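J.: Build the full structure now, drawing on both the sequences and the hints.
Protein chains in written order, with UniProt numbering: chain A, 1 to 324; chain B, 1 to 547; chain C, 1 to 218; chain D, 1 to 110.
One thing to keep in mind: the hints can contain errors.
Stated by the list, open to error - Okay, derived cross-link-like pairs now, SDA-like style, lysine to any residue, Cα gap no bigger than 20 Å in a straight line:
#: 1; chain 1: A; residue 1: Lys-111; chain 2: A; residue 2: Thr-123
#: 2; chain 1: B; residue 1: Lys-349; chain 2: A; residue 2: Thr-71
#: 3; chain 1: B; residue 1: Lys-349; chain 2: A; residue 2: Glu-54
#: 4; chain 1: C; residue 1: Lys-116; chain 2: C; residue 2: Phe-152
#: 5; chain 1: A; residue 1: Lys-273; chain 2: A; residue 2: Gly-226
#: 6; chain 1: A; residue 1: Lys-273; chain 2: C; residue 2: Gly-214
#: 7; chain 1: B; residue 1: Lys-291; chain 2: A; residue 2: Gly-226
#: 8; chain 1: B; residue 1: Lys-237; chain 2: A; residue 2: Gln-290
#: 9; chain 1: C; residue 1: Lys-65; chain 2: D; residue 2: Lys-56
#: 10; chain 1: A; residue 1: Lys-273; chain 2: C; residue 2: Arg-50
#: 11; chain 1: B; residue 1: Lys-237; chain 2: A; residue 2: Ala-288
#: 12; chain 1: A; residue 1: Lys-106; chain 2: B; residue 2: Asp-76
#: 13; chain 1: A; residue 1: Lys-273; chain 2: C; residue 2: Ala-55
#: 14; chain 1: A; residue 1: Lys-106; chain 2: A; residue 2: Gln-290
#: 15; chain 1: C; residue 1: Lys-96; chain 2: C; residue 2: Phe-152
#: 16; chain 1: A; residue 1: Lys-106; chain 2: A; residue 2: Ala-288
#: 17; chain 1: B; residue 1: Lys-237; chain 2: A; residue 2: Glu-139
#: 18; chain 1: B; residue 1: Lys-291; chain 2: A; residue 2: Val-67
#: 19; chain 1: A; residue 1: Lys-106; chain 2: B; residue 2: Leu-158
#: 20; chain 1: C; residue 1: Lys-65; chain 2: C; residue 2: His-121
#: 21; chain 1: C; residue 1: Lys-65; chain 2: D; residue 2: Leu-25
#: 22; chain 1: C; residue 1: Lys-65; chain 2: C; residue 2: Gly-122
#: 23; chain 1: D; residue 1: Lys-56; chain 2: C; residue 2: His-88
#: 24; chain 1: B; residue 1: Lys-291; chain 2: A; residue 2: Glu-139
#: 25; chain 1: B; residue 1: Lys-349; chain 2: A; residue 2: Cys-44
#: 26; chain 1: B; residue 1: Lys-349; chain 2: A; residue 2: Leu-39
#: 27; chain 1: B; residue 1: Lys-237; chain 2: A; residue 2: Pro-158
It is worth saying that the hints were derived from the structure and are not from the lab.
As the structure is a computational prediction, the values presented were derived from the model and not from experiment.
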Amino acid sequence: MGSLQLLPPTASAHAADMDWLFAALLGTSAFILLLVFGLMILFCVRYRKNSKVERGNRLGRTWRVEVAWTTATFIAFLGLYFWGAELYVDIHSPPKDATDIYVVGKQWMWKIEHPGGQREIDTLHVPVGRPVRLVLTSEDVIHDFAIPAFRIRQDALPGRYETLWFTPTEVGDYRLFCAEFCGTWHARMGGSVVVMQPSDFQRWLDSQDPGPSLAQEGEALFRSYGCSGCHGGAGTVRAPRLEGLFGRPVPLEDGRTVIADDRYIRDSILMPKAEIAAGYPPVMPSFAGQIGEDDLLKLVAYIKSLADGTAGTSQAGSVERPAQ
Amino acid sequence: MTSATVTGKPDEPVVATRNYLTEGGVTLRSWLLTRDHKRIAILYTLSITVFFFVGGAAATLIRLNLVTPSGIFTPDIYNRLFTLHGIVMVWFFLIPSIPNTMGNFLIPLMIGAKDLAFPRLNLLSWYLYVGAGLLALFAILIGGVDTGWTFYTPFSSLYSNGYVVLALAAVLAVGFSSILTGLNFIVTTHRMRAPGMTWYRLPVFVWSNYATSVIMVLATPVLAITLILVAAERLLKVGIFDPALGGDPLLFQHLFWFYSHPAVYIMILPGFGVISEIVPCFARKPLFGYKFVVWSSIAISVIGFFVWAHHMFVAGISLYAGLVFSLLSYVIAVPSAIKVFNWTATLHKGWISFDAPMLYALGFIGLFTIGGLTGLFVANLAFDVHVTDTYFVVAHFHYIMVGGMVSAYFGGLHYWWPKVTGRLYPEWWARIAALLIFFGFNLTFFPQFILGYLGMERRYYSYPPEFQAWNILSSAGASVLAAGYALPFFYLGWSLFRGKRAGSNPWAATGLEWQTSSPPPTHNFDRMPTVTRPPYQYRPEPEPQDV
Amino acid sequence: MSEAGPLPRPEPQYATTDQQAEAATFGMWVFLATEILFFGGLLLAYTWLRASHPAGVAEAGRHTKIVIGSVNTLVLLTSSLTMALAVHAAEQGRRKALTRLLAVTALLGLLFLGLKGYEYHGEWTEHLVPGLNFHEDGPHARTIELFYFLYFLLTGIHGIHVTIGIGLIVWLALRARRGSFSSGYYTPVEVTGLYWHFVDVVWIFLYPLIYLVGRSGP
Amino acid sequence: MTGIPRSYLFTWAALVALLAATLGLAYVPMPGPLNIVLALGISVAKALLVLALFMKLFRAPALTRAAAAAGLFWLAVLFALSATDYLTRKVDPVGDLSAPTGREHRQADR
Numbered sequence: 001m002g003s004l005q006l007l008p009p010t011a012s013a014h015a016a017d018m019d020w021l022f023a024a025l026l027g028t029s030a031f032i033l034l035l036v037f038g039l040m041i042l043f044c045v046r047y048r049k050n051s052k053v054e055r056g057n058r059l060g061r062t063w064r065v066e067v068a069w070t071t072a073t074f075i076a077f078l079g080l081y082f083w084g085a086e087l088y089v090d091i092h093s094p095p096k097d098a099t100d101i102y103v104v105g106k107q108w109m110w111k112i113e114h115p116g117g118q119r120e121i122d123t124l125h126v127p128v129g130r131p132v133r134l135v136l137t138s139e140d141v142i143h144d145f146a147i148p149a150f151r152i153r154q155d156a157l158p159g160r161y162e163t164l165w166f167t168p169t170e171v172g173d174y175r176l177f178c179a180e181f182c183g184t185w186h187a188r189m190g191g192s193v194v195v196m197q198p199s200d201f202q203r204w205l206d207s208q209d210p211g212p213s214l215a216q217e218g219e220a221l222f223r224s225y226g227c228s229g230c231h232g233g234a235g236t237v238r239a240p241r242l243e244g245l246f247g248r249p250v251p252l253e254d255g256r257t258v259i260a261d262d263r264y265i266r267d268s269i270l271m272p273k274a275e276i277a278a279g280y281p282p283v284m285p286s287f288a289g290q291i292g293e294d295d296l297l298k299l300v301a302y303i304k305s306l307a308d309g310t311a312g313t314s315q316a317g318s319v320e321r322p323a324q
Numbered sequence: 001m002t003s004a005t006v007t008g009k010p011d012e013p014v015v016a017t018r019n020y021l022t023e024g025g026v027t028l029r030s031w032l033l034t035r036d037h038k039r040i041a042i043l044y045t046l047s048i049t050v051f052f053f054v055g056g057a058a059a060t061l062i063r064l065n066l067v068t069p070s071g072i073f074t075p076d077i078y079n080r081l082f083t084l085h086g087i088v089m090v091w092f093f094l095i096p097s098i099p100n101t102m103g104n105f106l107i108p109l110m111i112g113a114k115d116l117a118f119p120r121l122n123l124l125s126w127y128l129y130v131g132a133g134l135l136a137l138f139a140i141l142i143g144g145v146d147t148g149w150t151f152y153t154p155f156s157s158l159y160s161n162g163y164v165v166l167a168l169a170a171v172l173a174v175g176f177s178s179i180l181t182g183l184n185f186i187v188t189t190h191r192m193r194a195p196g197m198t199w200y201r202l203p204v205f206v207w208s209n210y211a212t213s214v215i216m217v218l219a220t221p222v223l224a225i226t227l228i229l230v231a232a233e234r235l236l237k238v239g240i241f242d243p244a245l246g247g248d249p250l251l252f253q254h255l256f257w258f259y260s261h262p263a264v265y266i267m268i269l270p271g272f273g274v275i276s277e278i279v280p281c282f283a284r285k286p287l288f289g290y291k292f293v294v295w296s297s298i299a300i301s302v303i304g305f306f307v308w309a310h311h312m313f314v315a316g317i318s319l320y321a322g323l324v325f326s327l328l329s330y331v332i333a334v335p336s337a338i339k340v341f342n343w344t345a346t347l348h349k350g351w352i353s354f355d356a357p358m359l360y361a362l363g364f365i366g367l368f369t370i371g372g373l374t375g376l377f378v379a380n381l382a383f384d385v386h387v388t389d390t391y392f393v394v395a396h397f398h399y400i401m402v403g404g405m406v407s408a409y410f411g412g413l414h415y416w417w418p419k420v421t422g423r424l425y426p427e428w429w430a431r432i433a434a435l436l437i438f439f440g441f442n443l444t445f446f447p448q449f450i451l452g453y454l455g456m457e458r459r460y461y462s463y464p465p466e467f468q469a470w471n472i473l474s475s476a477g478a479s480v481l482a483a484g485y486a487l488p489f490f491y492l493g494w495s496l497f498r499g500k501r502a503g504s505n506p507w508a509a510t511g512l513e514w515q516t517s518s519p520p521p522t523h524n525f526d527r528m529p530t531v532t533r534p535p536y537q538y539r540p541e542p543e544p545q546d547v
Numbered sequence: 001m002s003e004a005g006p007l008p009r010p011e012p013q014y015a016t017t018d019q020q021a022e023a024a025t026f027g028m029w030v031f032l033a034t035e036i037l038f039f040g041g042l043l044l045a046y047t048w049l050r051a052s053h054p055a056g057v058a059e060a061g062r063h064t065k066i067v068i069g070s071v072n073t074l075v076l077l078t079s080s081l082t083m084a085l086a087v088h089a090a091e092q093g094r095r096k097a098l099t100r101l102l103a104v105t106a107l108l109g110l111l112f113l114g115l116k117g118y119e120y121h122g123e124w125t126e127h128l129v130p131g132l133n134f135h136e137d138g139p140h141a142r143t144i145e146l147f148y149f150l151y152f153l154l155t156g157i158h159g160i161h162v163t164i165g166i167g168l169i170v171w172l173a174l175r176a177r178r179g180s181f182s183s184g185y186y187t188p189v190e191v192t193g194l195y196w197h198f199v200d201v202v203w204i205f206l207y208p209l210i211y212l213v214g215r216s217g218p
Numbered sequence: 001m002t003g004i005p006r007s008y009l010f011t012w013a014a015l016v017a018l019l020a021a022t023l024g025l026a027y028v029p030m031p032g033p034l035n036i037v038l039a040l041g042i043s044v045a046k047a048l049l050v051l052a053l054f055m056k057l058f059r060a061p062a063l064t065r066a067a068a069a070a071g072l073f074w075l076a077v078l079f080a081l082s083a084t085d086y087l088t089r090k091v092d093p094v095g096d097l098s099a100p101t102g103r104e105h106r107q108a109d110r
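T.: Right, dumping it as structure tokens:
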């Protein structure tokens, strides 16, 4: 039986900020609570039925009192709102140099893939002091990736990507939970986040069965699903070339232009007829239902890696990092 | 100046010989086909008591399971227990609790009417409630549901292995019951008031139930259609909430919370009404800032519709939507705070006595204040990202709904018990129960705030061992709380037969309901009242009513 | 001018028949407010589908049977007219006219349901019933399925409302023939009329949302 | 008097005319969302005719109109506040994973 712990470990920059916000909320609440309880107890004792205390000169103009305390509480509340909102915007604005780690939730495990191809289940290894961005999705129901020590969590929804970022500040093992009810073993869908010194982390990466990187695996899938038949080599008469595509604007048949981002590539695999690149016949079949979320991520990573570096995004760079 | 607000009602004998319990016969048939709002209120009281104990039994098992980190039950059983607890407590206890029992009984009495506007609809509403309740119990008996009361898709529509469609049907039916009740209250409040009963002479209890009814009538249909969509999706395996089919699970959450957040106010506004009756009566003072209390109820029922997506801050809504909904959530905290300040100010320079209803009311103010203040925490964007779906949220809404609404329910039950039954309850037992409930409640739920901030997730049948100490405290508190809730069941039952005769107005309270005999006659007033004064014209010393 | 009709005493909870009539009318309006939100949930779902998959919804719209849909709109609009005339006849205490107009309204309602049933039959044979009998190729197959999912819910729930309305109107017609209404008491006719017109209003919005989508497209 | 009130007949005629108009306009290609805007505009006109004249709303007591308005107001709340989410779930146009503020707003076939 554990002791009566009061605060969770504080292991990220955001967690420290959050504890200050918590303190402010607690302070405001304690003030109001003491005011209300104090007055209630005072009145209950002083004005109990049998007390002979003077009761003349009651508050007459009630609306002045009402307006005063309404305004006061509202201003206090607004201050708290802006503080929380600022932090919220902050945890939704990852730095550009964050490392992307892919997380797929499924009943009842977290499958995690590092950019170098290292895989783990229910455990996430990260280096201390470096920003990490998680790209979350789910294969079945809604899950939620929650790390109390970092004071963050985010639902992982099937069919789309959500992100979550943090910069760990303390080395250690922290709890990882699934926070959105997802079925029978919901309570067991969790594990730990291991924050390591960068050198230890590098050693850990090296010690893992490297496996092919996401992009390399994507390349193999690119062939096995038959994509290369049209999109590779001589086939590119019927289909657009994918080299250098990622991150560039793509003119569409219907006159619009979209940026070839993850969303576009994913949609183009699943729903090729939705946004047809200008000048090409709409002949590509849909792969919806045939490619799982895991494989989609790999294909996207591969197509990203084909961007010849000029796309200039950190992701493309990190994906191309050779497997150790 | 007298304590009475009506003219024209002569005093009556202590024991009313002719009352709604005896008039019209005492056969089962005369009860099951009754159109008398007071008898229907009794039927409701009996049936929600059954569901209160069903939901309470599930809660007891949940707290039992959480005594050890590895859990006692299998996860499938545990998941069914908390789903059962949620569905039964939300739809079969809290939502109908005060409106359908006390509201039904008192609104016509308080406004000086003979009955609700549509007595048949009222009875139909009770039958829908009972039918829905039986359907829900049936679904539980044949195997249960494991979706949680929120029915999130695509889990509920495609993956759950419980009897989801049956449960959805039960909730749908009870939803129609609550729409009919709301409709009845709205029309009654508008059209059935006694001569002289202007809007600003209405007791706050009537205003609160009116505000509640607006929510019932305008939010519940959205729940109904949402549940139909989920059921259709589950039956046909096609639907707009399933991302695998091109649908959007967030659409479900928007529709669901469009109902379910306002429903939270269905579960607390009537409680505000009860407290606003009790506090002036036992402080022997008019309610402080009557109009502010009234309009804050109305404000809550309207703004309550504007805040729903604060349940979805981590669910994948846009950043902008998060900012908007958080701001609106802070706005709605203001009218709630106004009420707390007003009740406190009502005590100022009063002549306060501490009978059981007042103890419940003071307990309500304390617990609701804590619940409301923690509402500021969870309405805060960044804070919510850390605690949503944890025990912090669980503790927060239990402070509002159990600490708040159930305290108000018991307070009202004691306050109007003499009116309903014609008998007094045993005062000392009632005070002991009120104290047990207050302390048991805090012991149960305060540790859950700490657990939540530590990161204990809700709906977990097992948890990391470092959380055990707080969980044991919480479960210990739950046993005190259970004793507190069981106690009234016995002494109130006893008082039905052995309690002292009450007389028509044992609290020397103002308000029309106290101007008729206890129990009231079937048509409420022997001579229809005419109202000439605002409510809560209390003066220091309780005097014999009427001169 | 009017036949001498009974003037029933108000129910015990009311002081006067006027109060009773006002309560009934207001009650119906509150109920209709509920109904707005009931259909509103479905309309939000529809709006989401249409906003997120415009091309697919347009193609699905072209699958709908515009002739039946338009004729049915005409039928319902006309039934609203006859219902309004029925209320007018009731106001004036003209028993025969009231009975006949109610009967015509009910028949128009039945005609609407008959046509709707024929339309459903057509959709079944064209494999457009999601979950039970759906087969569609092409890039927008899933959107078309979702569109028809909402189509059947919208029209099905509307159809249930029409059915209930017909039941009420038949009951009113029988009572009217027995002479239960008079120029002093016709609240049930008026209240049912409100309900029937509301069902018509719902259809007025469903018609363009279902049948007129994508008609100007390829 | 036994005559059919003409106002009802005129209302009906107007409704039928509007029906014909909306049906015809639906086949005319128009830029952008103009088709649906027109169609819904005509629907609103038709609904107002039914509400105002058949349901006698505009002659009804204020309370009745308030009930109808309440239904529409809350419907508007449902749509407007849902829109704060749906209209702002945009994809951030950087060649990157959809940025954290943005969500995929077009996730399936279109």
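J.: For each hint, tell me whether it holds in the structure or not.
T.: So, going through the hints one by one against the coordinates:
A distance of roughly 9 Å separates the Cα atoms of A:Lys-111 and A:Thr-123; the hinted pair therefore holds under the 20 Å criterion. Of the pairs offered as hints, the one joining B:Lys-349 and A:Thr-71 is violated, with about 25 Å between alpha carbons and a cut-off of 20 Å exceeded. In summary, the hint linking B:Lys-349 to A:Glu-54 is supported, as the alpha carbons are separated by about 8 Å, within the 20 Å threshold. Among the hinted pairs, C:Lys-116 with C:Phe-152 is consistent with the structure: their alpha-carbon atoms are about 11 Å apart, no more than 20 Å.
Between A:Lys-273 and A:Gly-226, the direct Cα distance comes to roughly 18 Å. Compliance with the 20 Å bound is thereby established for this hinted pair. Note on A:Lys-273 and C:Gly-214: the hinted pairing holds, with a Cα-Cα distance of about 18 Å set against a maximum of 20 Å. With a C-alpha separation of about 73 Å, the suggested pair B:Lys-291 and A:Gly-226 falls outside the 20 Å cut-off, and the hint is violated. For the hint pairing B:Lys-237 with A:Gln-290, the CA-to-CA distance comes to about 19 Å; that is within 20 Å, so the pair holds.
Of the supplied pair hints, the one linking C:Lys-65 and D:Lys-56 is violated, its CA atoms being roughly 33 Å apart against a limit of 20 Å. A hinted pair counts as satisfied when its Cα atoms are at most 20 Å apart, and A:Lys-273 with C:Arg-50 qualifies at roughly 17 Å. Pair hint B:Lys-237 plus A:Ala-288 holds up; C-alpha atoms about 17 Å apart against a cutoff of 20 Å. With a C-alpha separation of about 18 Å, the suggested pair A:Lys-106 and B:Asp-76 falls inside the 20 Å cut-off, and the hint holds.
Proximity of A:Lys-273 to C:Ala-55 is assessed by CA-CA distance (about 11 Å); at most 20 Å being required, the pair is judged to hold. Distance check on the hinted pair: A:Lys-106 and A:Gln-290 sit about 17 Å apart at the alpha-carbon level, within 20 Å; holds. Distance check on the hinted pair: C:Lys-96 and C:Phe-152 sit about 38 Å apart at the alpha-carbon level, beyond 20 Å; violated. For the given pair, A:Lys-106 sits about 18 Å from A:Ala-288 by alpha-carbon distance, which is consistent with the 20 Å threshold.
Of the supplied pair hints, the one linking B:Lys-237 and A:Glu-139 holds, its CA atoms being roughly 17 Å apart against a limit of 20 Å. Only pairs whose Cα atoms come within 20 Å are accepted, and B:Lys-291 paired with A:Val-67 is accepted, the gap being roughly 12 Å. For the given pair, A:Lys-106 sits about 14 Å from B:Leu-158 by alpha-carbon distance, which is consistent with the 20 Å threshold. Proximity of C:Lys-65 to C:His-121 is assessed by CA-CA distance (about 11 Å); at most 20 Å being required, the pair is judged to hold.
Taken as a hint, the C:Lys-65 and D:Leu-25 pair is honoured in the structure, with Cα atoms around 17 Å apart against an allowance of 20 Å. With a C-alpha separation of about 9 Å, the suggested pairing of C:Lys-65 with C:Gly-122 holds against the 20 Å cut-off. At roughly 11 Å between alpha-carbon atoms, D:Lys-56 and C:His-88 fall within 20 Å of each other, so this suggested pair holds. Annotation: proposed proximity of B:Lys-291 to A:Glu-139 is violated, straight-line Cα distance about 54 Å (limit 20 Å).
Taken as a hint, the B:Lys-349 and A:Cys-44 pair is honoured in the structure, with Cα atoms around 9 Å apart against an allowance of 20 Å. Distance hint between B:Lys-349 and A:Leu-39 is fulfilled; the C-alpha atoms sit about 12 Å from each other, no more than 20 Å. Between B:Lys-237 and A:Pro-158 the CA atoms are separated by roughly 16 Å; this keeps the pair inside 20 Å, and the hint holds.
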